[in-house]
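Asks: Each chain is listed here by its residues.
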Amino acid sequence: MTLDDIIASLFPDGHEVSNDRGVILGSAPLRSGGRMLLLGVADRTALGVDEAIRLSGHVLESIGRDSGPILVLVDSDSQRMSKRDELLGLNEFLAHLAKVLIHADMNGRPTIGLLYGHSAAGALLATGLATRVLVGLRGADPAVMDLPSMAKVTKLSMEALQEKAKSTPVFAPGLSNLAQMGAVHMTWSNATSLADQLAALLADMPAAQDRRDALGKERGGRLKAAEIAERVRDLALQAR
Amino acid sequence: MEDISFRHPARARASGTKRSAIVGVVASGNLEVLVERVLPDAECAVDIKTAAIGFGEVWSAVIGDFVERYSPGGLRFSINDGGARPDTVSLRLAQAVRLI
Amino acid sequence: MTAPLKDITPAERARSTSFYEASARTRLELLLDAGSFVELIGPEQREVSPHLKIFDLPEQFDDGIVVGHGRLSGSPVFVAAQEGRFMGGAFGEVHGAKLTGLLRAACQIGSIPVLILFDTGGVRLQEANAGELAIAEIMRAVMEARTAGVKVIGLIGGRSGCYGGGGLIAGCCSALAVSEQGRIAVSGPEVIETNRGVEEFDSRDRALVWRTMGGKHRRLLGVADVFADDNVQDFREAALELLGLAGPFGLDRLKAEQERLAGRLSRFGACADAVDVWTAEGVADAQAVPELPADQFVALANQIGRTSRDAR
Chain A
1 MTLDDIIASL FPDGHEVSND RGVILGSAPL RSGGRMLLLG VADRTALGVD
51 EAIRLSGHVL ESIGRDSGPI LVLVDSDSQR MSKRDELLGL NEFLAHLAKV
101 LIHADMNGRP TIGLLYGHSA AGALLATGLA TRVLVGLRGA DPAVMDLPSM
151 AKVTKLSMEA LQEKAKSTPV FAPGLSNLAQ MGAVHMTWSN ATSLADQLAA
201 LLADMPAAQD RRDALGKERG GRLKAAEIAE RVRDLALQAR
Chain B
1001 MEDISFRHPA RARASGTKRS AIVGVVASGN LEVLVERVLP DAECAVDIKT
1051 AAIGFGEVWS AVIGDFVERY SPGGLRFSIN DGGARPDTVS LRLAQAVRLI
Chain C
2001 MTAPLKDITP AERARSTSFY EASARTRLEL LLDAGSFVEL IGPEQREVSP
2051 HLKIFDLPEQ FDDGIVVGHG RLSGSPVFVA AQEGRFMGGA FGEVHGAKLT
2101 GLLRAACQIG SIPVLILFDT GGVRLQEANA GELAIAEIMR AVMEARTAGV
2151 KVIGLIGGRS GCYGGGGLIA GCCSALAVSE QGRIAVSGPE VIETNRGVEE
2201 FDSRDRALVW RTMGGKHRRL LGVADVFADD NVQDFREAAL ELLGLAGPFG
2251 LDRLKAEQER LAGRLSRFGA CADAVDVWTA EGVADAQAVP ELPADQFVAL
2301 ANQIGRTSRD AR
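Chains as they are written, first to last, in my numbering: chain A, 1 to 240; chain B, 1001 to 1100; chain C, 2001 to 2312.
Don't take every hint at face value.
Claimed, not checked - In silico DSS-like links for lysine-lysine, alpha-carbon gap of 27 angstroms or less:
| no. | chain 1 | residue 1 | chain 2 | residue 2 |
| --- | --- | --- | --- | --- |
| 1 | C | K2053 | A | K152 |
| 2 | C | K2053 | A | K217 |
| 3 | B | K1049 | C | K2255 |
| 4 | A | K155 | B | K1049 |
| 5 | B | K1018 | A | K164 |
| 6 | A | K155 | C | K2053 |
| 7 | C | K2053 | A | K164 |
As the list claims (entries may be wrong) - Beyond 12 angstroms from chain C on every Cβ pair, some chain B residues (computed):
| no. | residue |
| --- | --- |
| 8 | S1005 |
| 9 | F1006 |
| 10 | P1009 |
| 11 | R1013 |
| 12 | A1014 |
| 13 | S1015 |
| 14 | G1016 |
| 15 | G1024 |
| 16 | L1039 |
| 17 | P1040 |
| 18 | D1041 |
| 19 | A1052 |
| 20 | V1058 |
| 21 | V1062 |
| 22 | D1087 |
| 23 | A1094 |
In case anyone wonders, no lab produced these hints; they're calculated from the structure.
Only a predicted model underlies this, so the values are computations on that prediction, with no experimental measurement involved.
The beta-carbon is built from N, C-alpha and C at its ideal position, and this holds for glycine as well.
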């Protein structure tokens, strides 16, 4: 599905969305009434300082002015890898975007990420992984780290890595691996109306508490994270 | 990875009162040693997980020398080795005994 | 005549210990009030990574991070220190979860700050998905804690720097202290060179790496708020200073940060190199900055006046 198809399927009653060099900004009416703020990265564009500042600005302008949920559409490359972006402090720009989304989510503007293409590493952290619910569209291909780079660093062959990836979801790219780890909450089918699936999710949003580690444990992808975090938290609370 | 274990009698109980101590870092050419006061006074044990395969004889000699010199009675040493040289191993073991 | 070892005060010992060279454990031991540190899920618990075996890699009993609580000038603090020499201090499933749990406790308590001693290359490749998720959860936990009034202070000065997802977590902190040896970035020098070529970034040009990502540039740019000399006592004093200055988090901070970052882009977005940034900031002899000793650099940085405490 192209971005246009996806937006048309999500918002059949129309929308105001622009895609300017891979930066998606806009809003659209919801069937249930009210509007949904839209933002995102398209066309596998790298997420650099110039893109991030526009995305965070779009959300900040909306806080206080609008109500309603926020949708983050994701088909990005990784973060932009360049001297200029690092020189200017890319880590702050990406963190700022994530913080803005997290703040919105904690303050009456629930956030949903829709991963419909690619994303990786820092770009994923600043967008999809900074939302309350991350949805994967069937066919999306997220990666934390690509296998060729992994092969180079670990000095293992691609075949050896692919073999290991059969027995664990913990490192290899892919929507199903990220779902099993608890990163992707649910997968939507492009065979049925995205508007219906969005409405169903909005009517049944989970609470704002981050339960991804518990989800990862339920699905068998992360067996230690939830338990270790809980043990440390309990021990630390006793320190009071 | 290879697992190697040693059990030795010890002439004397290792001095000190701490229950456990840790030295070192698992990195190339380095190792960590976790030492715990959990055994009877006349025994000591060394359990090693090492990335370098086939050095059992060398470990045996290093551990044997260490036990002979320090008599670490009552102590269990657990090692995660990143491929350290014998003298580094000896150093860490000595540091561990001193720390506990 | 030098004083015998046992007569050296804790402060003197901390002042003469390189933060860069010290292990995570030693940093905490000397940073906090003597004897006050209590470790949670320490090495004797043997909570190692379940994912390294498949790669035939050695484990570390604390999975490369030391977390716990202690006192700083008598006041309680939560602390986490990454061991940069174990797997590059990278975030794995267990490693990350220890910090997440600590932050969630801090959020619940509300009145005890958190010090994070970053020393990380980012996500641990062998557990890439778990590491990335851990970082996402830590970012959320930092923001929830800050919203509850908790000050989260980052200290950066280790061998692995503060790269990748670590750089994003750092960007979520209330304030940061950095030393000359510290580096803060998202992509590492080698990764930029591999992806974009040596003309874009020569990873073997150490001076370039430090001008672009290193502590002095980060301090002058406002990515970090305080510059510390490379010793544990300096970092202790920096932490105390930042704890005193860091204010409460709210929407106004985010709006101020948007302005701060947009302003940075418009002022320095066309600069080709850090030297051009420093010159534009009003530094008279920008070329001399890398060679400036710490005390002169601190004076220069304070004179330039760029801090981000109220806008992060």
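Asks: Which of the numbered hints above does this structure break?
Replies: Checked against the structure, the hints that fail are numbers 3, 5, 15 and 19, while the rest are satisfied.
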